[in-house]
Amino acid sequence: AQKITQTQPGMFVQEKEAVTLDCTYDTSDPSYGLFWYKQPSSGEMIFLIYQGSYDQQNATEGRYSLNFQKARKSANLVISASQLGDSAMYFCAMRARNRDDKIIFGKGTRLHILP
Amino acid sequence: GAVVSQHPSWVICKSGTSVKIECRSLDFQATTMFWYRQFPKQSLMLMATSNEGSKATYEQGVEKDKFLINHASLTLSTLTVTSAHPEDSSFYICSAKRGGFQHFGDGTRLSIL
Chain A
2 AQKITQTQPG MFVQEKEAVT LDCTYDTSDP SYGLFWYKQP SSGEMIFLIY QGSYDQQNAT
62 EGRYSLNFQK ARKSANLVIS ASQLGDSAMY FCAMRARNRD DKIIFGKGTR LHILP
Chain B
3 GAVVSQHPSW VICKSGTSVK IECRSLDFQA TTMFWYRQFP KQSLMLMATS NEGSKATYEQ
63 GVEKDKFLIN HASLTLSTLT VTSAHPEDSS FYICSAKRGG FQHFGDGTRL SIL
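Those sequence lines, one after another, are chains A and B. The working numbering applies: residue 2 is where the first sequence begins, and numbers increase by one. The working numbering applies: residue 3 is where the second sequence begins, and numbers increase by one.
Calculated from the structure, these hints are not laboratory results. Bear in mind that the values here come from a model prediction, so they are computed numbers and not experimental data. Note that CB positions come from ideal geometry on N, CA and C, so glycine has one too. There may be inaccurate statements among the hints.
Claimed, not checked - Not everything, but these chain A residues come out facing chain B in the computed CB check (under 8 Å): (1) Gly34; (2) Met46; (3) Arg96; (4) Asp101; (5) Asp102; (6) Lys103; (7) Gly107; (8) Lys108; (9) Gly109.
Claimed, not checked - Subject to a maximum C-alpha distance of 27 Å in a straight line, what follows is the list of computed DSS-like cross-link-like pairs (lysine-lysine): (10) B/Lys66 to A/Lys108; (11) B/Lys57 to A/Lys103; (12) B/Lys68 to A/Lys103; (13) B/Lys68 to A/Lys108; (14) A/Lys74 to B/Lys43.
Input sequences plus hints: build the corresponding full structure.
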């Protein structure tokens, strides 16, 4: 069975500091993809970053980077130089190609950036 | 690119009525769309996979007669909540698949009085 675990229900971080959001996953599929989404209070799902299971390098997108440790089945999101606008819910998600590309989501982490 | 429009954004209606939510891919064709439900302070839960020209595939525990899905064209899937009751109040969000990625609509907040 596939599973995504986010162990941090909420985090408070001072503005301009870096923040790491934890995500571990479990799958028996050899090919899979890992995603991070941001969901502000308005509700839309904003795609942040993607890591494929065969990618050799960690994904980066601007201030976002994904710390992919395959052996540990970990895919932590790192946000550098946090901003007030980063306050939102963050979801880690996984897609398996042999499961019709369905995505399963973790329970999420509520991030609060403090001024 | 990869814009998905979901309509309406908000709907409030009386118990017992049926509500239709539309999900459109505006600049690409999507043979597969997905419907999710999200209760307050919870994660997104997949309800069903909508396939153009065929029947939707429902996740375990989702009532197919309650949540009717129609995917009649390559750019439109609809979710109809039939005989809605207060426990159906939730945030419903769709996504359209392009390549290996899902592109999400902005969601619909459904409140049943």
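Restraint check for B/Lys66 with A/Lys108, where alpha carbons must lie at most 27 Å apart: 25 Å, holds
Note to self: Hint A/Gly34 vs chain B: min CB-CB distance below 8 Å?
What the structure shows: 6 Å, holds
### Task
Go through the hint on A/Asp101 and say holds or violated, using the shortest Cβ distance to chain B against 8 Å.
6 Å, holds
ask   = Are A/Asp102 and chain B close enough, Cβ to Cβ, to be under 8 Å, as the hint says?
value = With a closest approach of 6 Å, the A/Asp102 hint holds.
Interface hint outcome for A/Lys108 [beta carbon to chain B under 8 Å] = This hint holds: A/Lys108 lies near chain B, its Cβ roughly 5 Å from the closest one there, short of 8 Å.
- Taking the closest Cβ pair, is A/Gly107 under 8 Å from chain B? 7 Å, holds
Open item on the list: Please verify whether A/Lys74 and B/Lys43 have alpha carbons no more than 27 Å apart.
Closed with: 26 Å, holds
Worksheet item: Given the hint that B/Lys68 pairs with A/Lys108, does the C-alpha gap stay at or below 27 Å?
Response: Satisfied, since the Cα-Cα distance of roughly 25 Å is no more than 27 Å.
TODO: Mind checking the alpha carbons of B/Lys57 and A/Lys103 for me, to see if they're no more than 27 Å apart?
DONE: Answer holds: B/Lys57 to A/Lys103 is near 17 Å, not above 27 Å.
query = Any CB of chain B closer than 8 Å to the CB of A/Gly109?
reply = 6 Å, holds
Would you settle whether the hint for A/Met46 is holds or violated, based on the nearest Cβ-Cβ distance to chain B being less than 8 Å? 4 Å, holds
(message) Can you confirm whether the C-alpha distance between B/Lys68 and A/Lys103 stays at or below 27 Å?
(response) 22 Å, holds
Going down the numbered hints, you'll see the structure goes against none, and every one checks out.
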